[in-house]
Amino acid sequence: MSTTTMPEAGATPLPPTDHRATISDRSRAERKLGWMLAGPAFVVMLLVTAYPILQAVYDSLFDYRLTDPDKRSFTGLSNYGVILTDQIWWTSLGVTAFITVVTVAVELVLGFALALVMVKAWRALRAPVRAAILIPYAVITVVSAFAWQFAFSADSGFVNSWFAWLPGVSADTDWFGGTWSALFVVCLAEIWKTTPFISLLLLAGLAQVPEVLQEAAKVDGATWWQRMWKVTIPNMKAAIMVALLFRTLDAFRVFDSIFVMTGGANSTETVSFLAYRQTISRLEIGLGSAVSVLLFICVILICGLFIKGFKVDLSQTRGE
Amino acid sequence: MTAREKWLWVVAGVVIVIYALFPVGWIVSLSLKSASDISNQQFLPSVVSWENYAQILSGDAAGLFLPALRNSFGICLIATAISCVLAMFAAYAIARLDFRGKKLILSTALAVAIFPVISIVTPLFNLWREIGLYDTWPGLIIPYLSLTLPISIWTLSAFFREIPWEMEQAAQVDGATTWQAFRKVIVPLAAPGVFTTAIIAFFIAWNDFAYGISLTSTSASRPVPAALGLFSGASQFESPNGPIAAAAVIVTIPVVILVLVFQRRIVAGLTNGAVKG
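The listed protein sequences derive, respectively, from chains D and L. Residue 968 is where the first sequence starts when you use our numbering, and the numbers rise one by one after that. Residue 17 is where the second sequence starts when you use our numbering, and the numbers rise one by one after that.
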């Protein structure tokens, strides 16, 4: 039993040199047909991502702002120097990392609990629970961000009046006036919206844990906790890692919620929002491109960390 | 299962349903509050009022909301259609044929799926202004393919693996070419998977905010999420929260219904593409 993260056929492609001479007409035709069918999708994917990122790398080497396009000049890596020595970059990186770690950690625990309920619950409950869980997934991120912002806002919300009994909360508490309270609400909105996705991935992982192992452990007198830690979790490690990787990368790109809920005020700017603000608001194409490239590098580093550090195998072929 | 355990599961189920519905219920409730009631500090409106809906459908905010609704539908449908057609051919090749480069295609889909959207926005913003695609439908449809195509390829490849391919071979034995077998036998079998993939891809496009807010400037192409982000009150003293809530409800409820109707398939589609045993 193996776990894969991508649909992958059982047979691996032929190694490039050894078998070239023996490729039959039939497999040659098959390869040609394969590329004819898959080629357009492949080319489109490259055109809409590889080309723009290369353009961004190029633009990032220039001092170039749209308000003064004639003064465009080559400046080498100086844009990167400007960014990496600026406190704004490090603050936004810190905020992004904070949101990522907090939301992913909470979502993993919460999502696992949800998945367990869906697996173990009384049969009649499964359908309504699964239906309910899909609702946050179906709500647009911007709408979810507005819902949470309005709920916490001092003038149109209900949170302040409901939770006035808590220390530090009163009728006019301004949640979006401080960095940490604002980030708290942002994290809540993100967690609400994306936990269902992680729980569905974990649910699929749970389904792969062999029932026999559970029964064997039960017979041996293992407690519920022991079975969870020694049998269930080790057997679905691959599913957990894939869910973690996808959610981490997704959380690291957080943009919509920040735009809607805080607008980056009070040091709540994330890396994505910083790139947006440099490019779209300030029309600093050079600086904005450099931030974009740095964001891209961060994503690659996270991926590398997961794949090399945690041994997440994204290309494992199916055991057929 | 004992009666006590049964009750525990029921409680857990109720908690989950409340968790999922609470923010949606709140935005519906807020949308039904009148302007004077918006700041009543309560969850429910004192009196149910439809004025927010009137304002976005025929009032001051209609000029912002209705074109955005049209743009969102048009742009997302076209992007979904293009990526489904492209992904259908690619997924067939991946699921069915054995050829070198298959792994490369799937890895590319993965890389595109984890690509930070904002990193594409910056260069496109500049390029689109130069070649006249800024604030047009194609100017959004093209980048939306980067969102919809990878997930379509994955999901469809997973669905295509489940198809009984013997039928295709049977058709080929009967003298059909590979192409005929694909068109006459496989397409009807694959239709449910394609439909599910289309729904998932459509959601992803429908949910987009970063491209929408960055690559448009007028109601000629601005989609709903971006329009919501730019809503302001009829006057600077009026809170825009009510109309935003009403617009949010209008764009959310149909999608929620769609998800609930096709929930079984969507769950299969979302998980098949990512985790497969």
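No lab work stands behind these hints, which were simulated from the structure alone. Just so you know, these numbers come straight off a predicted model, no measurement behind them. Do not rely on the hints blindly, as some may be mistaken.
[Unchecked claim] Straight-line distance between alpha carbons at most 25 Å, and here's what the computed BS3-like set of lysine-lysine pairs gives: (1) K1275/D with K119/L; (2) K999/D with K119/L; (3) K22/L with K999/D; (4) K1185/D with K1204/D; (5) K999/D with K1087/D; (6) K1087/D with K1275/D; (7) K1204/D with K119/L; (8) K119/L with K1185/D; (9) K1197/D with K1185/D; (10) K1275/D with K1204/D; (11) K22/L with K1087/D.
[To be verified] So the derived list for chain L, only partly shown, Cβ under 10 Å to chain D, looks like this: (12) M183; (13) F219; (14) D224.
We put the beta carbon where it would ideally sit given N, CA and C, even for glycine.
Here's how the hints hold up against the structure:
1. K1275/D with K119/L: It holds: about 19 Å lies between the C-alpha atoms, which stays within 25 Å.
2. K999/D with K119/L: Holds: K999/D and K119/L sit about 15 Å apart, inside 25 Å.
3. K22/L with K999/D: violated, 58 Å
4. K1185/D with K1204/D: At roughly 21 Å apart (the allowed maximum being 25 Å), K1204/D and K1185/D satisfy the hint.
5. K999/D with K1087/D: violated, 48 Å
6. K1087/D with K1275/D: violated, 34 Å
7. K1204/D with K119/L: Answer holds: K1204/D to K119/L is near 23 Å, not above 25 Å.
8. K119/L with K1185/D: Distance ~41 Å between K119/L and K1185/D Cα, so the pair is violated.
9. K1197/D with K1185/D: holds, 12 Å
10. K1275/D with K1204/D: holds, 15 Å
11. K22/L with K1087/D: Holds, at roughly 11 Å.
12. M183: Because about 18 Å separates M183/L from the closest Cβ in chain D, which is outside the 10 Å limit, the hint is violated.
13. F219: Because about 7 Å separates F219/L from the closest Cβ in chain D, which is inside the 10 Å limit, the hint holds.
14. D224: holds, 9 Å
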